[in-house]
Amino acid sequence: MIHIIDYGLGNVQAFLTMYKRLGFETTRARQSSDLNGAKKIILPGVGSFDNAIKLLNESGMQSTLSSLVLDDKIPVLGICVGMQILASRSDEGVLDGLGWIPGSVNAFNNNLNSTDFPLPHMGWNEVHSCAEHPLFVGLEKNAKFYFLHSYYFECELNSNNAATSYYGIKFSSAVSSRNVYGVQFHPEKSHTFGAQLLKNFAEL
Amino acid sequence: MLRPRIIPCLLIHKGGLVKTVNFKNPKYVGDPINAVKIFNEKEADELIVLDIDASVNNSEPNYRLISNLANECRMPISYGGGIKTAAQARKIISLGVEKIAISSAAIENSALITEIAEEIGRQSVVVVLDVKKRLFNRGYDVWINNAKYNTKHCVIELSRQLEELGAGEVVFNSIDLDGKMEGYDLLLAAQVRQSLGVPITILGGAGCLNDIEALLSCCGLVGAAAGSLFVFKGSYRAVLINYPSMSRRDELIGKVFCD
Chain A
0 MIHIIDYGLG NVQAFLTMYK RLGFETTRAR QSSDLNGAKK IILPGVGSFD NAIKLLNESG
60 MQSTLSSLVL DDKIPVLGIC VGMQILASRS DEGVLDGLGW IPGSVNAFNN NLNSTDFPLP
120 HMGWNEVHSC AEHPLFVGLE KNAKFYFLHS YYFECELNSN NAATSYYGIK FSSAVSSRNV
180 YGVQFHPEKS HTFGAQLLKN FAEL
Chain B
0 MLRPRIIPCL LIHKGGLVKT VNFKNPKYVG DPINAVKIFN EKEADELIVL DIDASVNNSE
60 PNYRLISNLA NECRMPISYG GGIKTAAQAR KIISLGVEKI AISSAAIENS ALITEIAEEI
120 GRQSVVVVLD VKKRLFNRGY DVWINNAKYN TKHCVIELSR QLEELGAGEV VFNSIDLDGK
180 MEGYDLLLAA QVRQSLGVPI TILGGAGCLN DIEALLSCCG LVGAAAGSLF VFKGSYRAVL
240 INYPSMSRRD ELIGKVFCD
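The listed protein sequences derive, respectively, from chains A and B. Under numbering that gives the first Met the number 0, the first residue of the first sequence carries the number 0, and numbering increases by one thereafter. Under numbering that gives the first Met the number 0, the first residue of the second sequence carries the number 0, and numbering increases by one thereafter.
In case anyone wonders, no lab produced these hints; they're calculated from the structure. A few of these clues could be false.
Listed next, the in silico DSS-like pairs over lysine-lysine satisfying Cα-Cα at most 25 angstroms (straight line) [what the hints assert, rightly or not]:
#1 A:Lys198 / A:Lys72
#2 A:Lys53 / B:Lys90
#3 B:Lys179 / B:Lys147
#4 B:Lys23 / A:Lys19
#5 A:Lys19 / B:Lys254
#6 B:Lys151 / B:Lys23
#7 B:Lys36 / A:Lys198
#8 B:Lys90 / A:Lys19
#9 B:Lys147 / A:Lys140
#10 B:Lys179 / B:Lys23
#11 B:Lys254 / B:Lys23
#12 B:Lys41 / A:Lys198
#13 B:Lys23 / A:Lys140
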């Protein structure tokens with residue numbers, strides 16, 4: 000059973016629909032007790048960093064989620080802002096992130112000329128996975144995913160980079176550390192590439 | 000490399016999918032859900048869906064239709080029509096839509112864009128500007144209410160203001176070229192591309208893939224949206240939902256960006 004965290008942010012329905020099509024059982028988790036027995040967890044997110052952290056705190060699920068991820072080592076996949084809040088901090092806000100993957104979330108606009116690289120970074124871009132990463136089985140070549148963001152994850156440890164993409168600069172489009180995974184793009188809206196990645200996560 | 004987006008734009012009128020010419024004479028071309036299923040199979044880059052009745056009738060967005068569309072859609076979707084508050088925008092995002100599009104409401108009440116951007120993040124706020132050439136080629140005016148009312152705002156100035164206020168993408172929709180299938184207004188495209196720092200999408204006029212190629216050659220990384228091109232086939236405008244295959248798109252993009 001894959002639990003999709005519903006804390007009022009992000010496209011929970013798209014994950015439920017996609018996994019149903021792929022033949023995996025899912026459930027929507029709205030409160031702490033809904034997380035009982037979770038074997039895989041998806042943490043979606045749309046919007047701003049502080050708002051995501053705030054809503055996750057208010058949902059009452061954060062402590063259960065932390066214990067499942069940090070103590071029980073249940074695999075978790077953060078998507079978009081759900082990935083960014085895995086970091087320790089962000090240029091976009093003042094609140095602390097979850098800090099499950101050491102790193103910071105930085106603004107693209109400090110580094111890019113907006114005439115050549117309009118922001119947000121919006122559309123299909125190539126994702127180059129690091130060698131034999133389990134999330135990217137079958138996606139080693141020409142994998143493209145849909146991006147929609149203005150901030151990017153910078154890992155403290157190079158070993159936490161699972162995949163990189165290029166938009167004016169090279170940035171981490173996927174991160175991982177043991178059972179914690181995050182992707183900046185939207186696999187739930189990335190056709191067969193996204194379906195393959197979500198299937199890989201379900202089969203970890 | 001980030002790829003330019005090739006985007007079917009679907010118009011909803013009385014619950015059905017329609018295509019207009021110069022914003023008039025909506026012709027019924029099919030069922031919206033069925034069209035989305037076909038674009039799923041074709042692996043389209045993303046979709047724009049605009050309910051052309053909601054603002055004119057001053058009605059609420061049709062949440063049931065939006066939910067059904069979002070549920071079916073396996074690519075990102077921008078939805079516009081009847082959105083006047085940040086709460087409505089948030090509700091639509093929660094139904095599974097990536098971006099919300101606002102037009103008349105954003106121009107009449109520019110604070111709305113900032114409010115919505117704060118609520119859902121600016122990356123999900125799309126402004127659609129319906130534009131028409133001024134007489135004697137003196138720039139372009141922005142029109143609202145399905146091209147019935149001229150705001151007399153200059154498209155460049157207005158789009159810059161809206162960007163400043165929190166728009167994350169601006170779609171420029173040519174009233175003059177809507178449904179004509181004779182090519183994009185490249186002059187308009189080049190001007191707006193230069194003046195904004197957010198992604199832009201050009202809509203109106205595409206009649207064949209060469210028109211998209213011409214737009215990308217002229218402007219680089221922009222969204223190329225089209226209505227008629229993806230719902231009609233041939234000179235008799237027979238209804239046939241179509242979209243270039245991934246390899247055809249690779250070829251087109253390769254030709255423009257790698258030569």
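Status of the hints after comparison with the structure:
no., hint, verdict
1, A:Lys198 / A:Lys72, "holds, 19 angstroms"
2, A:Lys53 / B:Lys90, "holds, 19 angstroms"
3, B:Lys179 / B:Lys147, "holds, 19 angstroms"
4, B:Lys23 / A:Lys19, "violated, 41 angstroms"
5, A:Lys19 / B:Lys254, "violated, 38 angstroms"
6, B:Lys151 / B:Lys23, "holds, 21 angstroms"
7, B:Lys36 / A:Lys198, "holds, 21 angstroms"
8, B:Lys90 / A:Lys19, "holds, 23 angstroms"
9, B:Lys147 / A:Lys140, "violated, 49 angstroms"
10, B:Lys179 / B:Lys23, "holds, 12 angstroms"
11, B:Lys254 / B:Lys23, "violated, 35 angstroms"
12, B:Lys41 / A:Lys198, "holds, 21 angstroms"
13, B:Lys23 / A:Lys140, "violated, 46 angstroms"
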